[in-house]
Amino acid sequence: MRKNTHIVTPWMVLALLGLLLATACEPAHTTTELVAVPAKAGSRFPNLHTDAKGQLWMSWIAQSDTLSRLLLSRYDTQGWSSPVEVASGSNWFVNWADFPGVHSFGDSKLATHYLQKSGEDTYSYDVVLRFSQDEGRSWSPPVIPHRDGTQTEHGFVSMLELPNGKLGVVWLDGRKYASTQLASTHGHGAAEGEMTLRFAAFDASGAMSEEALLDERVCDCCQTDMAMTAEGPLVVYRNRSEEEVRDIYLVKYQHGAWTQPRPLSHDNWQIAGCPVNGPAVAARQEWVAAAWFSLLNGSPTVQLAFSADAGEHFMPPRASTRAKPLAGWMWPCWRTARQW
138 MRKNTHIVTP WMVLALLGLL LATACEPAHT TTELVAVPAK AGSRFPNLHT DAKGQLWMSW
198 IAQSDTLSRL LLSRYDTQGW SSPVEVASGS NWFVNWADFP GVHSFGDSKL ATHYLQKSGE
258 DTYSYDVVLR FSQDEGRSWS PPVIPHRDGT QTEHGFVSML ELPNGKLGVV WLDGRKYAST
318 QLASTHGHGA AEGEMTLRFA AFDASGAMSE EALLDERVCD CCQTDMAMTA EGPLVVYRNR
378 SEEEVRDIYL VKYQHGAWTQ PRPLSHDNWQ IAGCPVNGPA VAARQEWVAA AWFSLLNGSP
438 TVQLAFSADA GEHFMPPRAS TRAKPLAGWM WPCWRTARQW
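Residue numbering for the sequence shown follows our numbering, beginning at 138 and increasing consecutively.
Some hints could be false.
As the list claims (entries may be wrong) - What follows is a set of in silico ranges between Cβ atoms, one per label pair, in the way DEER data are often shown:
(1) R421 with S201: 37 to 43 Å
(2) A409 with D213: 16 to 22 Å
(3) D271 with V382: 44 to 50 Å
(4) L193 with R284: 32 to 38 Å
(5) N228 with G191: 34 to 40 Å
(6) S378 with E222: 39 to 45 Å
(7) S245 with R181: 25 to 31 Å
Hints listed in this document are in silico derivations from the structure and should not be mistaken for laboratory results. Keep in mind it's a predicted model, so treat the numbers as computed, not measured. Glycine included, each C-beta is placed from N, C-alpha and C at the ideal position.
All chains should be built: construct the whole structure from the sequences, respecting the hints.
Written out as structure tokens, the structure is:
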């Protein structure tokens, strides 16, 4: 992977949107407080999640020599809890673009994910899930959501609580590279080989069901995201056409089945390599907001689009460049959406 200065820009946009919503509803005089975290110096890749009770969870990696440890802490009215070690290993794949996370589901249930090497090649690694039924005090044995058994790339996980109380998990899956014998040479941009987007559901014991192939050809190493709409889960990701156009696509779970992949926007960004930059999505009932980075007419651009019908249709996206910031129009758009 190569470093990209535009990474997480869509997340920053959605975070700013949330900040605008919050500040618009708060009294004029607010205070902020700097809160220390329980992670020790040298810790890496923090990831935050808020559960249904309003509790904030943070996962991060602590490394010592070759040993990586996945740690977890909860923040509530009493402050941060003592860190709990979820898992550790000397054979993990740890990197800046695809790092562990935590997600809540059901009653007091949690799931985490991390990446573990499956072979000697750089991009040979598996997604590993761990489950807790007691708010993180104890954890299940490791669960691998993909059953292909290939020493290829698997990663860029998104998790979401499903209406049936299970946990939905999507990930990028490189099993097709094994058939073309390119596991060590595809380099995240080769014309040969294809990454796929896959889904599975899990109960609190780690039992897997509802496996599905969502898209047969997607961008190799761009983040995925998932949100729950009034109609069901919606997944956004970066697609990859035969012509190397890598635009943002979506699939929805609707009427008991996953829809066919379709573009969220026709940016027509043609690039012969993965930009390592996926979309972000948030939803509240029928209203959906999606943000992503693209290259429009040669200009680095962040786009934001809204849907009023659970992602079935999106309004024309609004673009932001360095000369045209987003903040001036995001709040009016969202206010109009809420009044609609």
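Taking the hints in turn, this is what the structure says about them:
Against the hinted window of 37 to 43 Å, the Cβ-Cβ separation of R421 and S201 comes to about 42 Å, which satisfies the hint. The given range of 16 to 22 Å is broken by A409 and D213, whose C-beta atoms sit roughly 48 Å from each other. A beta carbon spacing of about 47 Å between D271 and V382 agrees with the range 44 to 50 Å that was offered as a hint. For L193 and R284, the hinted distance range of 32 to 38 Å is satisfied, since their beta carbons lie about 34 Å from each other.
Checked against the hint of 34 to 40 Å, the C-beta distance between N228 and G191 comes to roughly 36 Å, which is consistent with it. Distance hint check: the CB atoms of S378 and E222 are about 43 Å apart, consistent with the given range 39 to 45 Å. For S245 paired with R181, a C-beta distance near 28 Å keeps the hint of 25 to 31 Å intact.
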